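Participant: Here is how the chains run, residue by residue.
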Amino acid sequence: MDTKHIRNSINSWLYPSLTFGTLLLIWWLASARGYLSEQFFPTPAAFVTGFREEVASGSIFRDTLASLSRVGAGYAISVAVGVPLGMILGTVLGARLALLPLLNFLRSLSPLAWIPFAIFWIGIGHGAVIFLIVIAALPTIALSTMAAVAGIPKVYFRVAQDYDLKGLQRLTRVIFPAILPQLVTTLRVAMGLCWLVMVAGEMLAGNTGLGYLIHDANNGLRLDLIVVGMVVIGLLGMLCDRLLMFLTRLPGIRWGYDR
Amino acid sequence: MSTGSIRIKGLSHSYGATAVLKDIHLDVSPGEFVAIVGPSGSGKSTLLSLLSGYLKPTSGVLERTGTTRTVHQADGLYPWLTVEGNLALGLPKLDAASKRRAVSDMVGRIGLAGFEKSFPHALSGGMRQRVEIGRALCGGTDVLMLDEPFSALDYLTRLKMRGELCRLLEDQPRTVILVTHDIEEATQLADRVLVLSERPASIVYELKIDVPRPRDVTASGVVDATKAVLKAMGYEP
Ligand SMILES: Nc1ncnc2c1ncn2[C@@H]1O[C@H](COP(=O)(O)OP(=O)(O)OP(=O)(O)O)[C@@H](O)[C@H]1O
Ligand SMILES: [Mg+2]
Chain A
160 MDTKHIRNSI NSWLYPSLTF GTLLLIWWLA SARGYLSEQF FPTPAAFVTG
210 FREEVASGSI FRDTLASLSR VGAGYAISVA VGVPLGMILG TVLGARLALL
260 PLLNFLRSLS PLAWIPFAIF WIGIGHGAVI FLIVIAALPT IALSTMAAVA
310 GIPKVYFRVA QDYDLKGLQR LTRVIFPAIL PQLVTTLRVA MGLCWLVMVA
360 GEMLAGNTGL GYLIHDANNG LRLDLIVVGM VVIGLLGMLC DRLLMFLTRL
410 PGIRWGYDR
Chain B
9 MSTGSIRIKG LSHSYGATAV LKDIHLDVSP GEFVAIVGPS GSGKSTLLSL
59 LSGYLKPTSG VLERTGTTRT VHQADGLYPW LTVEGNLALG LPKLDAASKR
109 RAVSDMVGRI GLAGFEKSFP HALSGGMRQR VEIGRALCGG TDVLMLDEPF
159 SALDYLTRLK MRGELCRLLE DQPRTVILVT HDIEEATQLA DRVLVLSERP
209 ASIVYELKID VPRPRDVTAS GVVDATKAVL KAMGYEP
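For the record, the sequence lines run as chains A and B.
Heads up: take any position in the first sequence, counting from 1, add 159, and you land on our numbering.
Heads up: take any position in the second sequence, counting from 1, add 8, and you land on our numbering.
One or more of the hints may lead you astray.
With a Cα cut of at most 25 Å, we get these calculated SDA-like pairs of lysine to any residue [to be verified]:
1) K168/B <-> G119/B
2) K168/B <-> D83/B
3) K313/A <-> A82/B
4) K64/B <-> V333/A
5) K107/B <-> M135/B
6) K125/B <-> M404/A
7) K168/B <-> D179/B
8) K64/B <-> S20/B
9) K313/A <-> D83/B
10) K107/B <-> V333/A
11) K125/B <-> A110/B
12) K64/B <-> V251/A
13) K216/B <-> T234/B
14) K64/B <-> G310/A
15) K313/A <-> E92/B
16) K125/B <-> A82/B
17) K313/A <-> L161/B
18) K107/B <-> R317/A
19) K313/A <-> G133/B
20) K313/A <-> T26/B
21) K125/B <-> D161/A
22) K125/B <-> W414/A
23) K125/B <-> L339/A
24) K313/A <-> D150/B
25) K125/B <-> V343/A
26) K313/A <-> S53/B
27) K64/B <-> L252/A
28) K125/B <-> F316/A
29) K101/B <-> Q328/A
30) K101/B <-> G411/A
31) K125/B <-> F405/A
32) K168/B <-> G148/B
33) K168/B <-> R223/B
34) K325/A <-> P87/B
35) K313/A <-> V28/B
36) K313/A <-> T344/A
37) K101/B <-> L327/A
38) K313/A <-> M135/B
39) K239/B <-> H33/B
40) K107/B <-> D323/A
Hints in this document: simulated from the structure, not taken from any laboratory.
Given the structure is predicted, the values throughout are model-derived calculations rather than measurements.
With the hints as extra help, turn the sequences into a complete structure.
Facilitator: The following block contains the structure:
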């Protein structure tokens with residue numbers, strides 16, 4: 160079992176490294192042989208130079224921090240409001256009837272449609288981007304939390320009644336733990352959504368951040384910096400997803416995956 | 009120790025246009041063990057839902073004293089709680105120390121020592137049913153209702169579980185309502201066996217079994233009772 164474990168953990172690094180290594184190699188070869196013109200895509204060397212420049216000036220750190228803090232704030236608000244809201248929607252019929260159409264409407268509407276209002280109301284910058292993230296993530300989180308509550312087996316509620324779990328206890332000791340595994344999936348999807356919206360939001364309604372870095376580089380025709388921005392965004396997005404995936408190992412959540 | 013009694017008079021229940029139970033009369037005295045058998049879809053689970061108060065009858069009188077707990081056919085344990093956590097659900101009013109003592113006592117009695125920290129998905133079907141029964145008995149309920157508790161288990165495990173149920177009930181006498189497809193299970197365990205008709209179901213046959221427990225499946229009293237119930241259900245060899 161131990162050697163299998165070690166082999167698995169080696170493979171989980173080896174295989175992705177092979178994929179990325181191959182892509183790098185293709186990029187490098189295509190640039191070196193002149194198949195990929197510098198006018199259309201930067202060379203690896205240009206990318207490295209651009210990256211160094213950004214690090215030396217420190218602006219990559221400022222942009223990363225700005226983007227991370229916006230995603231962090233928007234995500235935190237969306238989760239803090241969306242999860243309880245979804246639990247209420249899943250348990251209170253009146254709330255569901257009243258709010259479900261509105262939430263479905265908001266979810267069907269691209270958050271980017273809100274950009275003009277975000278700028279009118281809040282002005283370009285931090286607040287507008289956070290607003291866009293929340294308007295995208297909150298309905299999604301609320302709706303899929305609601306769906307998770309609706310999917311709880313009826314027998315759990317019968318047991319709750321037999322064991323005198325009522326009101327708040329039913330919410331915290333039955334409904335919440337019952338949806339936790341699905342909630343983790345929801346949280347991962349929502350995190351991905353937040354990253355997408357952050358980039359678009361910063362490009363159109365921001366004045367700092369990784370999305371703005373791309374926007375700005377585009378205006379200055381700095382293809383190398385566009386790719387720097389893309390790489391940092393992609394890597395950070397992956398990292399956030401990884402961190403959330405660790406949640407699935409917690410004993411109160413793992414049962415949902417081990418069954 | 010108080011155990012619950014049940015009094016049902018002229019009870020009927022329908023789901024919409026589907027009449028399920030029709031004019032049921034039943035008295036269960038404290039400490040009695042009643043088994044209910046009947047064809048699939050006749051309304052046995054519905055009757056238990058009515059008794060536990062989960063459903064309200066369409067018409068008729070249902071009186072009950074004491075609390076009820078139901079052991080479900082499968083998957084009634086909370087999968088996010090360990091064996092200990094599930095058992096402790098039965099003991100909400102105790103302080104932490106007495107709760108721990110009561111839980112470890114029950115773990116021993118259901119033969120799951122060493123599995124206290126296991127989650128239900130890591131247990132076998134028989135172990136899970138033992139935890140469910142243990143949970144229902146933990147802290148004491150007046151009426152224990154069992155809805156085909158052993159039907160997912162193989163024959164030998166089922167025989168063993170019957171014995172264990174008897175043993176647990178000897179320590180903690182309860183009023184018990186057992187719903188089962190297994191007529192032998194009914195006659196081996198119960199003081200009284202009721203047979204339901206096809207839907208809309210009423211009680212068409214009733215048999216008292218005065219053989220002291222624990223009984224063996226092969227004891228003559230049990231075998232005779234099994235034959236009588238089978239005959240009442242229309243089975244002639
Ligand atoms: N929630 C429900 N809504 C509508 N009809 C129902 C519902 N629950 C049960 N029924 C109907 O009531 C009848 C009795 O169901 P019930 O589950 O009580 O039968 P049962 O005797 O327990 O059957 P089994 O032995 O197969 O478990 C069935 O025919 C079923 O169609
Ligand atoms: Mg049933």
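Participant: Look at each hint and say if it fits the structure.
Facilitator: So, going through the hints one by one against the coordinates:
1. K168/B <-> G119/B: 12 Å, holds
2. K168/B <-> D83/B: Since the Cα atoms of K168/B and D83/B sit roughly 20 Å apart, the hinted pair holds (cutoff 25 Å).
3. K313/A <-> A82/B: 12 Å, holds
4. K64/B <-> V333/A: At roughly 23 Å apart (the allowed maximum being 25 Å), V333/A and K64/B satisfy the hint.
5. K107/B <-> M135/B: Since the Cα atoms of K107/B and M135/B sit roughly 21 Å apart, the hinted pair holds (cutoff 25 Å).
6. K125/B <-> M404/A: Holds, at about 24 Å.
7. K168/B <-> D179/B: Judged against 25 Å, a Cα distance of about 17 Å means the pair holds.
8. K64/B <-> S20/B: 10 Å, holds
9. K313/A <-> D83/B: Cα-Cα ~11 Å, so holds.
10. K107/B <-> V333/A: 20 Å, holds
11. K125/B <-> A110/B: 15 Å, holds
12. K64/B <-> V251/A: Distance of about 21 Å is within 25 Å: holds.
13. K216/B <-> T234/B: Holds, at roughly 12 Å.
14. K64/B <-> G310/A: Within the cut-off at roughly 24 Å; holds.
15. K313/A <-> E92/B: 23 Å, holds
16. K125/B <-> A82/B: 20 Å, holds
17. K313/A <-> L161/B: Between K313/A and L161/B the Cα gap is close to 22 Å, so the pair holds against 25 Å.
18. K107/B <-> R317/A: 23 Å, holds
19. K313/A <-> G133/B: This hinted pair holds, its Cα atoms lying about 20 Å apart.
20. K313/A <-> T26/B: 21 Å, holds
21. K125/B <-> D161/A: 23 Å, holds
22. K125/B <-> W414/A: At roughly 13 Å apart (the allowed maximum being 25 Å), W414/A and K125/B satisfy the hint.
23. K125/B <-> L339/A: The given pair, whose Cα atoms are some 20 Å apart, holds under the 25 Å limit.
24. K313/A <-> D150/B: Roughly 23 Å between the alpha carbons, so the hint for K313/A and D150/B holds.
25. K125/B <-> V343/A: Judged against 25 Å, a Cα distance of about 23 Å means the pair holds.
26. K313/A <-> S53/B: Judged against 25 Å, a Cα distance of about 14 Å means the pair holds.
27. K64/B <-> L252/A: 20 Å, holds
28. K125/B <-> F316/A: Holds, at about 24 Å.
29. K101/B <-> Q328/A: The given pair, whose Cα atoms are some 14 Å apart, holds under the 25 Å limit.
30. K101/B <-> G411/A: 23 Å, holds
31. K125/B <-> F405/A: 21 Å, holds
32. K168/B <-> G148/B: The hint holds at about 23 Å.
33. K168/B <-> R223/B: 12 Å, holds
34. K325/A <-> P87/B: 19 Å, holds
35. K313/A <-> V28/B: Holds - the C-alpha atoms of V28/B and K313/A are around 20 Å apart, at most 25 Å.
36. K313/A <-> T344/A: 22 Å, holds
37. K101/B <-> L327/A: Holds: K101/B and L327/A sit about 17 Å apart, inside 25 Å.
38. K313/A <-> M135/B: 22 Å, holds
39. K239/B <-> H33/B: Holds, at about 22 Å.
40. K107/B <-> D323/A: Cα-Cα ~17 Å, so holds.
Comparing the model with each numbered hint stated earlier shows that all of them hold.
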